[in-house]
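*Asks:* As a plain string of letters, each chain reads:
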Amino acid sequence: MSTDAAVMLRRNFKHTLRNPITVFNAIFMPIIMMVMFVYVFGDAFNVGGGDYIDYATPGMIMLAISYGLSATAVSVSSDMTKGIINRFKVMDVSRGAVLTGHVVSTMVRVTVAVAAVIGVAFLFGFSPEASFTQWLAAAGVLLLVIFAVSWLTVALGLAAKTVESAGMATVPLIMLPFFSSAIVPADKMGPGIREFAHYQPFTSIIESVRGFLLGAPNTGQTLAAIAWSLAIAVLGYAWARAKFGKRA
Amino acid sequence: MTSSVITASGLKKSYKDKVVLDGIDLDVQAGSIFSLLGPNGAGKTTTVNLLTTLLAMDGGTARVAGYDVATETKGVRSAIGVTGQFASVDELLTGRENLQLMADLHHLKGDEGRAVVDRLLKRFELVESADKASSTYSGGMRRKLDLAMTLVGRPQIIFLDEPTTGLDPRSRRTMWTIVRELVADGMTIFLTTQYLDEADQLADRIAVLDQGRIVAEGTPEQLKRQIPGGHVRLRFADATQLAAALRVLPESTSDEERLVLRVPSDGGTKSLRALLDRLDEYVVDVEEFTVHMPDLDDVFLALTGHSSDSTNSIDSQTEVTTK
Ligand SMILES: Nc1ncnc2c1ncn2[C@@H]1O[C@H](COP(=O)(O)OP(=O)(O)OP(=O)(O)O)[C@@H](O)[C@H]1O
Ligand SMILES: [Mg+2]
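Residue numbers (the numbering used here), protein chains in the order written: chain E, 1 to 248; chain H, 1 to 323.
Next up, chain H with everything else stripped away, as it sits in the complex (with noise of 0.2 Å):
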């Protein structure tokens, strides 16, 4: 059984006469990760000011850990923790007082403080740096100092706000570790992204926020599926098995340059099979066979009209665009 820790229905938020969210519905499971997905200036950070009562909305209502976000701040703020896309680390301090202030903050007795800011530090992998300033510190590790504060007081609900913009492929990786552990220990995961990767990597389920409404909302999987571009790729030894290919199956468009044909296709392996029956039958010679299941990326441009900001977006924009 499931139940949701996060709900919201038509959250609205505007500045001045700027819509930034127009009408947001969520509903996030508990011990899921939720990722809202979006571009620069989507209203991500809008909506997880939203729901950590730093921003008062103008229309809809949220819960979060089953209260009012509106009404019981008091209530929402001792059962979340949030990282904020800025770190949000004292510079002056060390990683270990920055630790420390969160300890006495959370009223943490002497002892037990030193010990749960000892174990934070191992377990992010800080101990070496925990005495220097964390000015000093690398993008990487202040991200994960940051991560780290906020599992001082356990929360059960934690909000990532971006966590690994601006990090290396590597720091990525162990992020993403990060927050699997923190599922798998039991707490329940909001975190914003403009990368496609990372939300089908984590996600359980993912919301597609452009321009202050969600455009999607599923699984990974479901999400991929509500859009067409599926193909299966064929590479052929020469033009005349191309050309053979291409009269057996009318209905995919050949590179002759590359020798290879795009055959749409839903990936599916009734239709897979079908497809090599029909080769078979013909007798076309298949030097390399690949199927291409559409990624979030298509997904974006499908769902958006326009492509993410994201590194890759060009290369499926162009893939969408030659069907």
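Next comes chain E alone, as it looks inside the complex (with noise of 0.2 Å):
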């Protein structure tokens, strides 16, 4: 990383630390979300055998990579509206620096706020079968998937004219985990949600990082899911590229 990235990525650490909505929608939001389908809701599930904990838990590691998007596209859209960019334009510093700043800085926070839904569902008693190769091939799907949504955030953030629609624009990513099998199967859902639910990436993703984590590898899906995070990744850096020249 150049150093000026680096410099990048420190001032958005410190964003990060110093704007409480943040830390709390990524990290403590999550959490909330699988402390009511657990243990609120978690009864009233069927999913066929087996601790609901079990079940859940990777769907809710994808709603903590979701939920902790927003604040990243809000802070890349204030960047671009508020005039500091020109300030880094001015400067030269690189248009690489400035979103390999955002990129990385949304990669950690996610990744602590992963580590934290994880934490808190082995208090609920979480016992995932996996083995320790099994854990780093989960560890490596979802370390691709949160590389690609960032990307895909950042685009977000630079194609929304204002902040307040930068925050709108992380929506559907808040709400595919919901049309996905993160809660209950895709089978037990009503028709064309279903189809829809099983086709949309995220189902994708968490069936694999399921499957890895049961102890029960699920080929087929994980290569799914690489393909989609490769794809999406790719789509998000070409976007925000074009939209930053653009922006210039």
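No lab work stands behind these hints: they were computed from the structure.
Wrong hints could be hidden among the right ones.
Restricting the straight-line Cα-Cα distance to at most 27 Å, the calculated cross-link-like pairs of lysine-lysine (DSS-like) are [what the hints assert, rightly or not]:
#1 LYS14(E) <-> LYS132(H)
#2 LYS89(E) <-> LYS74(H)
#3 LYS16(H) <-> LYS161(E)
#4 LYS14(E) <-> LYS82(E)
#5 LYS122(H) <-> LYS14(E)
#6 LYS12(H) <-> LYS74(H)
#7 LYS243(E) <-> LYS16(H)
#8 LYS132(H) <-> LYS82(E)
#9 LYS132(H) <-> LYS122(H)
#10 LYS243(E) <-> LYS74(H)
#11 LYS243(E) <-> LYS18(H)
#12 LYS14(E) <-> LYS89(E)
#13 LYS89(E) <-> LYS243(E)
#14 LYS224(H) <-> LYS270(H)
#15 LYS82(E) <-> LYS74(H)
#16 LYS18(H) <-> LYS161(E)
#17 LYS89(E) <-> LYS224(H)
#18 LYS89(E) <-> LYS16(H)
#19 LYS12(H) <-> LYS243(E)
#20 LYS12(H) <-> LYS161(E)
#21 LYS12(H) <-> LYS89(E)
#22 LYS109(H) <-> LYS14(E)
#23 LYS14(E) <-> LYS161(E)
#24 LYS82(E) <-> LYS161(E)
#25 LYS18(H) <-> LYS82(E)
#26 LYS122(H) <-> LYS109(H)
#27 LYS161(E) <-> LYS243(E)
#28 LYS82(E) <-> LYS16(H)
#29 LYS109(H) <-> LYS89(E)
#30 LYS12(H) <-> LYS82(E)
Far from chain H, by Cβ distances over 10 Å, these chain E residues were calculated [stated by the list, open to error]:
#31 PHE24
#32 MET91
#33 PRO191
#34 HIS198
Covered stretches of chain H, as calculated for chain E (at least 3 residues, CB under 8 Å) [as the list claims (entries may be wrong)]:
#35 52 to 61
#36 76 to 84
#37 89 to 95
#38 101 to 113
Beta carbons: idealized from backbone N, C-alpha and C, even for Gly.
Hints given; two lone chains; assemble the complex.
*Replies:* Right, here's the structure in full:
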């Protein structure tokens, strides 16, 4: 990473720590959701044998990823609309440095949130069957996903005309896990939604991680998850570069 | 001997079919204050953005600090500092952290960077609030911090886009003092403003921008001389004296209610002496004698056919129309 990117990253970390709403949304919201679904409603869901917490944790991980994103879109957008970006440009700070700072700080924040969710899951009796290598594989898939959606979110932030609309732009990403197999299996959903849930990227990602954590890797879904992530990463990256160039 | 540090010829910029800049020529001498004066929407910010490489021009050429703005952006950027119209400070960081961020991006080494930051905090009287989030700063403090951030890299040329808009009179004066000090330090200032008195006070040369064209260019004095409207105001003790004066000076206009006579004048010593001699000769007693030279507001009105947006424009408009 260039020194400029490191400076930008430090700046983004300070922003995150100074904005309580960011920390709350990114880290406590997923935990609250998890407590709600597992502790409050958990008994009502029939996921076909096994503890609900074992079924739900991969889905909650996905929720933790998507909840952490809106802060990034907002902060990218406010950088672009509040004039500070012009200062950076005139100082010849590369576009790469500014965007890399946002992507890396998002990845760190989201990873912390995911770790927190997994920690709380253990408190609720989460008992994964995964071997060490399966844990590593799950972590690998998750990191790739986080990388991909971080770029996509940066692009959403760049594309938004106002800070408010940037915040709204990530709402679909927050809603997607609910229309996936995160909370209940896709088969149990109503017609239409069922098919959608079946084929959307988050289901593949969740099923892949679920497979690894339950000690029963799902190769097909893992390949699909990797393909989706690469596609999202490329799209997000290309879109972000294009938008950043235009706004120059 | 002087030399140009900013030159532009035929600068053009349009958004879709809206022409914002329609062929602008500029020439700014090293070590001077140049002011681009114009009302809202005249194209001031657009001009600054073109000259500072933030925007690509549609036509024309420009050189800043000897570098071509279109092809040598790196060179241009290394020589300039820009304080945009809208404060570009990082609101979540403190004043000190904002300056430190600039020092880091300019790759100043630890101690050197800290020394520069401390010096700027002192110079801009921001030491007390240095460790408070800049979102808590007043508008004036934020503007000062913004300018201080621009100075971290010691630029030769500084672009200030409406540096005093929205500031109270005291903060404006502080800003003016700072700008004068920067020039005394050898910097060149390119300043935009919609306040005529600001350009008048600060600038060595002024270009008046209106609807994307430069409608006049020169020193404040040259601009004032370009238009008629200078006059002498004579106030009398009573109506008899006023009537007597009006007979002596038939080219003047009288205001019977206020016992005032306006005599057109170029304000030069010769014509003033002639005027006084004439009044003496006819034994007319004058209570009060004031010379009014056109201010830049008059200039603006005369040049563009419409008034500027500044608050005293109504005043000058009535003055010009009653002539
Ligand atoms: N991105 C843009 N797209 C379309 N039109 C624009 C854009 N930016 C500026 N304009 C138009 O260009 C014209 C000049 O704008 P500019 O910001 O240069 O004016 P200004 O002199 O700085 O005004 P102000 O005193 O209000 O800051 C305005 O009519 C504005 O509407
Ligand atoms: Mg402007």
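*Asks:* Under the criterion that the straight-line Cα-Cα distance not exceed 27 Å, is the pair LYS89(E), LYS16(H) satisfied?
*Replies:* holds, 24 Å
*Asks:* Given the hinted pair LYS12(H) and LYS74(H), is their alpha-carbon gap at most 27 Å?
*Replies:* holds, 22 Å
*Asks:* Just to be careful, I want the Cα atoms of LYS89(E) and LYS224(H) compared with a cutoff of 27 Å; is the pair within it?
*Replies:* violated, 38 Å
*Asks:* Can you confirm whether the C-alpha distance between LYS243(E) and LYS16(H) stays at or below 27 Å?
*Replies:* holds, 18 Å
*Asks:* Within 27 Å, alpha carbon to alpha carbon, are LYS14(E) and LYS82(E)?
*Replies:* holds, 18 Å
*Asks:* Closer than 8 Å, Cβ to Cβ, for at least three residues: run that test on the region 101 to 113 of chain H against chain E and report holds or violated.
*Replies:* holds (count 6)
*Asks:* Just to make sure I understand the rule, a stretch counts as covered if three or more of its residues have a C-beta closer than 8 Å to a C-beta of the chain. Does the region 76 to 84 of chain H meet that for chain E?
*Replies:* Our answer is that it holds, as 6 residues pass the Cβ test (under 8 Å) against chain E, meeting three.
*Asks:* Tell me if the straight-line CA distance from LYS243(E) to LYS18(H) falls inside 27 Å.
*Replies:* OK: LYS243(E) and LYS18(H) at ~23 Å, within 27 Å.
*Asks:* Straight-line Cα separation of LYS109(H) and LYS14(E) no greater than 27 Å?
*Replies:* holds, 21 Å
*Asks:* Holds or violated: LYS12(H) and LYS89(E), Cα atoms, limit 27 Å.
*Replies:* holds, 22 Å
*Asks:* Would you mind confirming whether the straight-line C-alpha gap from LYS82(E) to LYS16(H) stays at or under 27 Å?
*Replies:* Roughly 24 Å separates the two Cα atoms, so the pair holds.
*Asks:* For the pair supplied as a hint, LYS132(H) and LYS122(H), confirm whether the alpha-carbon distance does not exceed 27 Å.
*Replies:* Holds, because 15 Å separates the two Cα atoms, which is no more than 27 Å.
Checked against the numbered hints given earlier, the structure breaks hints 17 and 32 and satisfies all the rest.
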